[in-house]
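Asks: These are the residues of each chain, in order.
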Amino acid sequence: MSEPVKKQYDLKRREMPKQPPEVRRYNFSEVALGYTPELAIEEAKRCIQCKKPSCIANCPVEIDIPGFLKKVAEGDFVSGIRVLKDKNCLPAVCGRVCPQEEQCEKTCIFHKKGGQIAIGRIERFLADWEAEQRELEMPQIPPRSGRKVAIVGGGPAGLTVAGDLIKLGHEVTVFEALHKMGGVLVYGIPEFRLPKAIVNREVEYLRTLGVELVTDFVVGKTRTIDSVLEEYDAVFVGSGAGLPWFMEIPGENLNGVYSANEYLTRLNLMKGFLFPKYHTPVKAHRKVAVVGGGNVAMDCARSALRLGAESRIIYRRSREELPARLEEVENAEEEGVIFDFLTLPLRYIGDENGWVKAIECQKMELGEPDASGRRKPIPIVGSEVIYPLDAVVCAIGNSPNPLIGSTTPGLKIGKKGNIEADEKTGATSREKVWAGGDVVTGAATVILAMGAGRSAAKSIHEYLRSLSRIPGNGS
Amino acid sequence: MFRVIASQMIVPNVHLLTLAAPAVAREAKPGQFVILRAEEEGERIPLSLSDWDADGGWITVVFLNIGATTARLASLTAGIDIPTVVGPLGNATEIENYGTVVCVCGCYGIGSIYTIARALKQKGNRIITIMEARSSYLFYWEDRLAAFSDKIIHITRDGTKGHRGHLARLPEIFRGLEEPVDRVLVNGCTFCMKRTADETRPMGIKTMASLNPIMIDGTGMCGVCRVTVGSVTRFACVHGPDFDAHQVDWEELLQRRKTYMPEEVVPLRTSRCEERHFKSQEKSHE
Ligand SMILES: Cc1cc2nc3c(=O)[nH]c(=O)nc-3n(C[C@H](O)[C@H](O)[C@H](O)COP(=O)(O)OP(=O)(O)OC[C@H]3O[C@@H](n4cnc5c(N)ncnc54)[C@H](O)[C@@H]3O)c2cc1C
Ligand SMILES: Cc1cc2nc3c(=O)[nH]c(=O)nc-3n(C[C@H](O)[C@H](O)[C@H](O)COP(=O)(O)OP(=O)(O)OC[C@H]3O[C@@H](n4cnc5c(N)ncnc54)[C@H](O)[C@@H]3O)c2cc1C
Ligand code: SF4
Ligand code: FES
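Chains as they are written, first to last, in my numbering: chain A, 24 to 498; chain B, 189 to 474.
Treat the hints as calculated values from the structure; they're not laboratory data. Note that the Cβ used here is the ideal one computed from N, Cα and C, for glycine as well. Any given hint could be a false lead.
To be verified - Rough simulated footprint, nothing fancy, chain B against chain A, three-plus residues with beta-carbon under 8 Å:
| # | region |
| --- | --- |
| 1 | 235-245 |
| 2 | 302-308 |
| 3 | 364-372 |
Unchecked claim - Capping the alpha-carbon separation at 30 Å, the derived lysine-lysine pairs in DSS-like fashion look like this:
| # | chain 1 | residue 1 | chain 2 | residue 2 |
| --- | --- | --- | --- | --- |
| 4 | B | K217 | A | K435 |
| 5 | A | K129 | A | K108 |
| 6 | A | K380 | B | K309 |
| 7 | A | K171 | A | K435 |
The task is simple: from the sequences and hints, build the whole structure.
Replies: Have a look at this one:
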């Protein structure tokens, strides 16, 4: 650390305007409203342009952070966005959902004093500013290489690979199982945190670059990877971790018990919050309990609130251990989500018509730290409590869907159902097949999926170039 | 976009839709299904594949007009495009040489069991098809099924064709057959499948049913299609849709299918005349 942190530095993080909690808890519009240009410049000016910037080191895609902050500080947003997009092709998304507090902002030199630069907010500002200009810069695309790449899954991993490879002159087709591109960004993360218009904008950008986007196509069902490879030179699998876990406790199949995926898909992908204009029904529950403590759980609890329910989170550890982003926990608290910490569901109790009417839980206390370093919750004997409710959302995790593995001979699958891939290149045990994102790591983050897509695209490009040197090779 | 090639009401309230879906047609196998959306705002619903032609690139579904989505599908005419037809989903029905197989079907199941009966026949089985309906005018595709059945037996509630009554007549029908039955397959409404399972259980004949829980994605992502089979929770879209009918928790399936009953009638209470008005309001949410 070369720069000593002196008193004269401006340590005041500029707050980002938000909808007030008492207003936003009744609507699905975006909670955070974003910086004004003035706020963005003020905030960016606080950066002291460290010589050895510790923020970059902790960014999974190594964005030149001081570089774009400098441009913003100078009011040169055009150059700023260029620096940003050099490493991150989805800044409007990442600026909103990245856990910056665990990444770049955590290692910002001002972190110790609580004055870390609000890198994420500035990133978001730049991306939104660019979109408002309505003049997206079109990259120069080299002449067609004549090579074709198929991408399985239209989530952040797949879209990143598509963007990178089309810009290198290859033909790219993305196959997506659902009827919309975007992966978790469209079916999981709610409108109030990530407006779907932003995701659509990024997808449309890829379309203008010439990426072929095929929805309603389940690889492994509509066509296997082997059959796809008869037509394409390489395949990238970015199929995510979409298989929901349940608690496996009694009463789980009662009406009114949902997986987080179902609950969120009905609302986001199917736009159930606009029922009956959109035809997929969503129930108007009165008391909803969400089991879990991650981002997914927060999204479910805050959605339930917006649908008019009393909403509580049931989590078996304490507030400190919540895996969700702090910002989201605070948002949920402000909006009025009730938190029951150190509480473990034992069973769901049904009424005579097969509807859930209560949940029985046990209280826990924290013991010694476990393998994850977090203190292990231990049941307190005789502490059972029953909460009456009319819906439960189970948000305890997801793992990769086994479909690709079971229909692709020779593709090595790990113990947890994840595809095994090289950390640096994304190469799998199968020739011509790469993989990355949640399908390799298990449920993780948008930026890690993007980063994996980046490295895989590089490796695929190298492979395709090696083909081109041998004329007549490939299909 | 997927184009409607043909649309027809084949008997009152039962419709047939032929759609251009070459990728689905190429891979389709008996017992699989597709998920469709009839329009951009529409719900995703599963329908069994009742026929297809890989060379022609088309698939056929047969469905009961029962609610908002199926009503919309029923109103489509040739030349119209619908936004989603995805599949083929689910596992194919197991086709082996079992000996004598009874195919029990009613309602949309008459359509969906057709390719299954055909495949079983081609595998060398003796096929006895038992069709069930309220009245004789509700039977369809009898000629198609006859082409692959060694025998067709009808049951009608009003007695206008074949046996009079309901599936409760199955035991006596089975007793009247010349040969023992090695396997029973049943496609149709949940009640018809449950009833068949109840009747064949005491006879100890392996019975497979094609379950029809509520679905969204059809790929194992949402879990709404969970069914209990032999006290284990299964996702019907990826582990099924065929399951051992004697192991299925039918009460739970019937219950779960009712989840959205109060909501499902809402879109039916409209003439759709006000759609233009809604469309302009929605723009702000796109
Ligand atoms: C509710 C929720 C909230 C989250 N919040 C955050 C957050 O705040 N910050 C953050 O960084 N991360 C968050 N995450 C995690 C993040 O969204 C994921 O890590 C990221 O989306 C993974 O990207 P991916 O491309 O690997 O997979 P996905 O986004 O899962 O995309 C995979 C796509 O592949 C498709 N697919 C699957 N199988 C097939 C097939 N056989 N054929 C064709 N297509 C297929 C799927 O339909 C899907 O569209 C959240 C996740 C959820 C569920
Ligand atoms: C694997 C499978 C294959 C099927 N094959 C056929 C078929 O070949 N022909 C046929 O007529 N029907 C079939 N069904 C049932 C069909 O999906 C429902 O009748 C249809 O969804 C009704 O939709 P609706 O909007 O018209 O009616 P709604 O009024 O919305 O619903 C009527 C009833 O249908 C069921 N249902 C509603 N939404 C769904 C949904 N998203 N998924 C599944 N069921 C739902 C509910 O039990 C509901 O009470 C099949 C179901 C499954 C799971
Ligand atoms: S953001 Fe923080 S760590 Fe990064 S260069 Fe600026 S002051 Fe240094
Ligand atoms: S329909 Fe979603 S998991 Fe089966």
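Asks: Does each hint fit the structure? Answer for all of them.
Replies: Going down the list of hints, with the structure as the test:
1. Coverage of the region 235-245 of chain A by chain B holds in this model, with 6 residues showing a Cβ closer than 8 Å to a Cβ of that chain against a need of three.
2. With 5 residues having a beta carbon nearer than 8 Å to a beta carbon of chain B, the region 302-308 of chain A meets the requirement of three or more and the stated coverage holds.
3. Note: the region 364-372 of chain A has 0 residues with beta-carbon separation from chain B under 8 Å; the three-residue rule is not met and the coverage is violated.
4. A hinted pair counts as satisfied when its Cα atoms are at most 30 Å apart, and K217(B) with K435(A) qualifies at roughly 27 Å.
5. Using a Cα cut-off of 30 Å, the hinted pair K129(A) and K108(A) holds, with the two alpha carbons roughly 22 Å apart.
6. Note on K380(A) and K309(B): the hinted pairing is violated, with a Cα-Cα distance of about 49 Å set against a maximum of 30 Å.
7. This hinted pair checks out: K171(A) and K435(A) have alpha carbons roughly 24 Å apart, not beyond 30 Å.
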